[in-house]
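Undergrad: One-letter residues, chain by chain:
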Amino acid sequence: MNYNIGHLIFGIIQFFTIILLAPFFAGFIHKLKQRARGQKGINIFQFYINFNKLLKKEIVLSKDATFISEIAPYIVFVSYLVILLMLPAFYRYSLLGVSSDVILIAYSLALATFFMTLYAMDQGSAFGGLGASREWFLTVLSEPSLIFIFISLAIYTKQGRITDIFYFIQKGAANAFLLGVNSDAVSIAIPFLLFISLFIVGISENARIPVDNPETHLELTMFHEANILEASGKHLGLFEYGSYLKLTVFLTVMSLILFPYMAVNIYQIPLALIVYILKMIILCILIAGVEIVSPKMRVFRVPNLLSVSFMLSLIAMILSIRGF
Amino acid sequence: MDKILINKHIIESNAFVNSADNLKGSGKYLLGIAAADERSLNSKFGIRYFFGGNNGIDEYSVKVDESFQSISKVCPAAKMYEREIYDLFGLTPDGHPDLRPLMLYPENWNSSVHPLRKDYNNSIPEMKRYGEYKFKKVLGEGIFEVLVGPVHAGIIEPGHFRFSLAGEPVLQLEIRHFWKHRGIEKVCEGKDFKEALDLVAKISGDNNVNITISYLEAVESILNLEITERAKYIRVILAELERIWNYVRDVAWIFMDIGFALPAQSLFALQEELMKLNKSLTGHRFLFNALTVGGVNFNLDSSKLKAIDNMINKVEKNIKECEAFIVNSSTVLDRLEFTGKINKKTAEELSLCGISARASGLPRDSRIEFPYLIYDKFDLKPALLESGDVFARTALRIKEIYVSKKIIGDLLFNLPEGDIAVAYENRTEAYKYAAGNSETPRGNAFFYVMADNDGKIFRLKYIDPSFRIWPSIQYGVLGNIIADFPLINKSLNLSYSGNDM
Chain A
8 MNYNIGHLIF GIIQFFTIIL LAPFFAGFIH KLKQRARGQK GINIFQFYIN FNKLLKKEIV
68 LSKDATFISE IAPYIVFVSY LVILLMLPAF YRYSLLGVSS DVILIAYSLA LATFFMTLYA
128 MDQGSAFGGL GASREWFLTV LSEPSLIFIF ISLAIYTKQG RITDIFYFIQ KGAANAFLLG
188 VNSDAVSIAI PFLLFISLFI VGISENARIP VDNPETHLEL TMFHEANILE ASGKHLGLFE
248 YGSYLKLTVF LTVMSLILFP YMAVNIYQIP LALIVYILKM IILCILIAGV EIVSPKMRVF
308 RVPNLLSVSF MLSLIAMILS IRGF
Chain B
-2 MDKILINKHI IESNAFVNSA DNLKGSGKYL LGIAAADERS LNSKFGIRYF FGGNNGIDEY
58 SVKVDESFQS ISKVCPAAKM YEREIYDLFG LTPDGHPDLR PLMLYPENWN SSVHPLRKDY
118 NNSIPEMKRY GEYKFKKVLG EGIFEVLVGP VHAGIIEPGH FRFSLAGEPV LQLEIRHFWK
178 HRGIEKVCEG KDFKEALDLV AKISGDNNVN ITISYLEAVE SILNLEITER AKYIRVILAE
238 LERIWNYVRD VAWIFMDIGF ALPAQSLFAL QEELMKLNKS LTGHRFLFNA LTVGGVNFNL
298 DSSKLKAIDN MINKVEKNIK ECEAFIVNSS TVLDRLEFTG KINKKTAEEL SLCGISARAS
358 GLPRDSRIEF PYLIYDKFDL KPALLESGDV FARTALRIKE IYVSKKIIGD LLFNLPEGDI
418 AVAYENRTEA YKYAAGNSET PRGNAFFYVM ADNDGKIFRL KYIDPSFRIW PSIQYGVLGN
478 IIADFPLINK SLNLSYSGND M
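Taken in order, these protein sequences are the chains called A and B.
Quick note, in the working numbering, the first sequence goes up one by one and the last residue is 331.
Quick note, in the working numbering, the second sequence goes up one by one and the last residue is 498.
Honestly, the hints are just simulated from the structure, not real lab data.
Heads up, the beta-carbon is just placed ideally off N, CA and C, and yes, glycines get one too.
Any given hint could be a false lead.
Claimed, not checked - Computed spacing ranges between beta-carbons, pair by pair: (1) B/Lys303 to A/Ala133: 51 to 57 angstroms; (2) B/Lys374 to A/Gln46: 41 to 47 angstroms; (3) A/Glu65 to B/Pro360: 53 to 59 angstroms; (4) B/Leu168 to A/Pro310: 18 to 24 angstroms; (5) A/Ser140 to B/Pro103: 30 to 36 angstroms; (6) A/Phe307 to B/Lys303: 49 to 55 angstroms; (7) A/Val67 to B/Gly180: 32 to 38 angstroms; (8) A/Glu65 to B/Ile172: 32 to 38 angstroms.
Bound-form chain B, shown alone (with noise of 0.2 angstroms):
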């Protein structure tokens, strides 16, 4: 049983160029790349390139030797994903603009050892350096450029991110990430589907819930596991308890950066709030673990149904009080709009997801776009703006708090009766693969697993709605000032460690 209509097709790869610039007319985009080392199968490395739209997703796949053609020049949302290709596996993509390497840094690592191949055995290259990383320059008469991080200060992440100034103004960024790759595609190769369970949880800890979804949407595809409706429920509820406290800390975060204390630290009172309420529910405050192979791990009795219920209902009142605030108040609104500006046609051609794509007015959701679990049965539509700003941005989170109520409400006391998890048997056609979806706080989380014969992963991607984005950073400060900056990384609010799994 495939759950997301995938279309599949098969493509040699001098002719996917062409293809790839007719989908893009026809009003697909880009959603990821994932390529797979199946010498082993057929002596060939396989590239899959999914491609959405509001038919379902298709998949191109392409047999390739060592070499294979780029298609980022029609479509530029495909760099990245070539750029990780060539690190991780070795595939020169011919023709692509930027093989700067990505996430294996010269600087460290021997850039002839490729990890995700199967050939790998596992020994990491001697610490010294290889090569150079090269930065763009941006060269004139008192232009001078601002280093910031890897090491920031605040309990952030690791990322770079190198400014070129004149005065204040911006005239260009360029980010430099992936400082801590983790290698998650590559541990969870040979395990169970349970135990990469735990490491899928682990690769952006605050959305864990919806990134979980997407996971077990492919794994019980794979699987051919119905999982009952009480389970499909719970979920829903959770993945969208876990949308209103990450949309509350952004908004809370958005006060703080415009150093507006007083309406932020109510928001991160409220945040601790539903925090505890997590951790009522499931024992956890990030909800960690809630969710298991076939069902969920715990069970919502009428006292915690009658918590959620009054929690939601104080958000939503909080929520409403900050809304007023931020429109009645002209100094907050003077440094939200016009901020940190993201056209649609930059969001198209990157290929945004999630409130990115949304402020920018694209109508990317993928509750929407390619339902899953029970959101077929919302009439949901996009909560959309034009803008692009941060104003737009912030408006959009707290449009889609009311959302997120709305749908926790309607479920809570319609909950249908039966288990919440059923058996299941770890036994799988060989090498059948599947792909799932989820729309995180960030965006669209979608996994491409493959199962070998022995009903182990062999090989797992995963694509985070934080890779798809974070160039678009680079797009959204030209024409600022350099004191926004923060403000605008706030706004987009991307995870580090979902972009460097």
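The shape of chain A in the complex, shown without the other chains (with noise of 0.2 angstroms):
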């Protein structure tokens, strides 16, 4: 496969649209849940505002911060860029497409939450410790569903890249449906376990009800918002920017679950872009639906949720091993 000038400017054009989307799909899940409960809610295009408004903020420390606390939130906005940069949402050439492995995409969530966790005990404040525990706690209980979801799409479809992967199951079913080509690509088991599992976790990865509360703002019970306590001005800005990025990468890959579609030429961007965008509201309603019916569970009974996921990308990886 030859790439050439074309494929370095969609990728760029692709890139852009999507961490400049971020703070939108974050804004319309809380407006949706305002809504809901009947308030009025904030404008969709708060977050961008608040982001602007904090990068002209002082940054504070304490005085008991290393340069950890300088680096950390460059290094978590950067692990969600780098992973950004590999996700194909509309356009099948994404920027890293080439070295997009799933292994190196599940480890840059980590680095990002390693970083992050190092930024909250860097501080010496107690609900750092607390919140970075947690963190763990969630993460180290994620980790192996997320693993297995991306593994049991590599053995399925038998490529380790996620443009790859997401590209074989398109044309599978692209086949199926439109030519009526029996593949065995197409599986409607595989990819719903998977979506389940992959909403599971991404509801504890991002902190939303019913395993963390976003809106809090009881320190005592946070999970995410523990760690960025002490943070202020620019430093606030890239990690609650980077939470939306997170968000932004799960949903990504549960509509690339979903539905996958890529444009794999210029005639087919502007579909797939709506497509896109479409697919990420329908995720964007579910998890605000969800949230909205759903309270806080004791942070003991999170392991069950988990689990249920664990046991659900098992079960697919068992499935594609056996190559339904």
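Take the two lone chains, each set in its own frame, and fit them into one complex as the hints suggest.
TA: Dropping the structure here:
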């Protein structure tokens, strides 16, 4: 496969489109929740305004902070950017498509979490340590599911790169439904299982209800927020934007499992972009729906939920090894 | 005319420890301890112990010099009162297990200055460090402390919570409150009863009607003032309206704290409507200034009565839905049940009152135990639950909203005719004193008021339910994880300002 300047340009367009859309998705979920409760709700573009405001604010660091606090926000932010460089959200040839190994994606997420928790402990506040330990409690429990999800996709399609994986599924599905060619690549069960499993992991990793409450001001109940309580100014802005990017990463992968449709040439891009945004909006509504109808769980009930996710991904793995 | 039946006893300080023990054995519980600087009368300090029980309130008064016998060992609830007396009067409770300063902080207050003594000259000691406050430490491997407050995220009042944790489970919680001591008791001295009314209403704003009722019970008893039936009815209606809006808000916050904003927001909307009703009735959303010495400040005409009637029916309907919501949702029950359990024994030892006592199976409701106004006309039964957890406290609030609704409903269209306030002369017997009590949404509010020889206040002592209940949270969190603390705290919903007046 030869890459040309067109791939580069559309790859860049795809990358910036996702990054620019990320705060919108987070804001949209927030707005939906508020409207459902009968509140007027925030401006749907509020998170862009917040980010802009935070960039202008002064950074205040604890006197106990080391260089870790200086670099961690950037590492966290860049980790998510790297993942977004790899994801074929609506265009098949993403910028880092050739090196979009699924294991790399999973552990770039872990790298970001690692540095965020280092940041939390580096500032020497008691909440930071508490938040870091809770964050790892969740991450350790959701990591096996995440790995199993990616590995079963890889086994199922016999591809290693995420761009190839979803292109393979897309082709298989197109052949099956449009041309009537009965393909082995078409299976409802595996994507269905993986989707539910990833949805649960996504809820837990993105600090949503019922695992964590992103809107709370109560430090003692926080998971994600407790890690960045001490952050201010640009650092806080990067962490916040990072969390929107992380949400977008999970939603995008879910959208690809749900209905893979990637443009392979310039003419398909408008349609693919529209399909992508539609899928994302549907997923946002789904997440908002879950957050509206459920209360936050007890902390030690969360492993039950995550073990459901693990079992589903395990079943998907077994199915994909057997070659459905 | 004594409205509350108070049996007065005079006792020697040394003998009182034994009598306190006997009293507890006989089922009485400590309502409060009030000290007064009576050196101008009989060159001694007076300490009055108030014990409540089913046949009224017993008062035991002891005359002391500079120290008195602590009863904390037989009656743990006395601990806080004795520390308070030690701080504000400088009287030493002998044998007290924990004499750290309570409200006068050694970090900035000279501990030899005692503001409630009559010879205190109203000067504030120089702002500097006079000593240190020692917290209790839990030692061991992997045990760490989490300090919360006194400045919190969110618009609430200051309170310091110090957790010793082993991972998530709480090993010990120590609270330190009294960050904004206002000295209301001292400021009230020398004011006449009506002037003090405004201060009393600001002790804890969201319970101001019930607290004011308690104050007026004491004052009107000192003044020998009988208010009209109509005024009594209106006071009860207001008191129950206040109870309803408080409980609606409390239940809403329980939902908020388990991250379930959908039902919470609908209850907040209901609270807003109740507060708008308050405003349309009395001109103030928190019902401030509705009561006065000798009656009430406003009348209820038929349109207002109709508005109240519509509102309480609406409340009942919404709360029924909310109740079904809690009972039918396993995820909600999972958060509430077995969380923040306060044992019956603990509740008894700490002399809890209000919702916190009733949720732990103690039938304590001042409306029934020491009836005031017209509460003896209703055949009230204390709403009781045994489990003592967050669920019990939430469920009780919901139950009691129905009770309050019924009380208001009974009164609305049977209002007797008459004046709403009677004129009175501000003249009293010299150094006459009286007690008043009422049931606020948080529990028993107890006033001890003593007049001087001029119709002014000589000594005013108020005991807020929050002052009694705050220590119990230290026991309620044991065996829970720290992430559930905000929920436990919200289920007790105690006042900081009432605690620290």
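Undergrad: Check each numbered hint from earlier against the structure, then list the numbers of those it violates in ascending order.
TA: Checked against the structure, no hint fails, so every one of them is satisfied.
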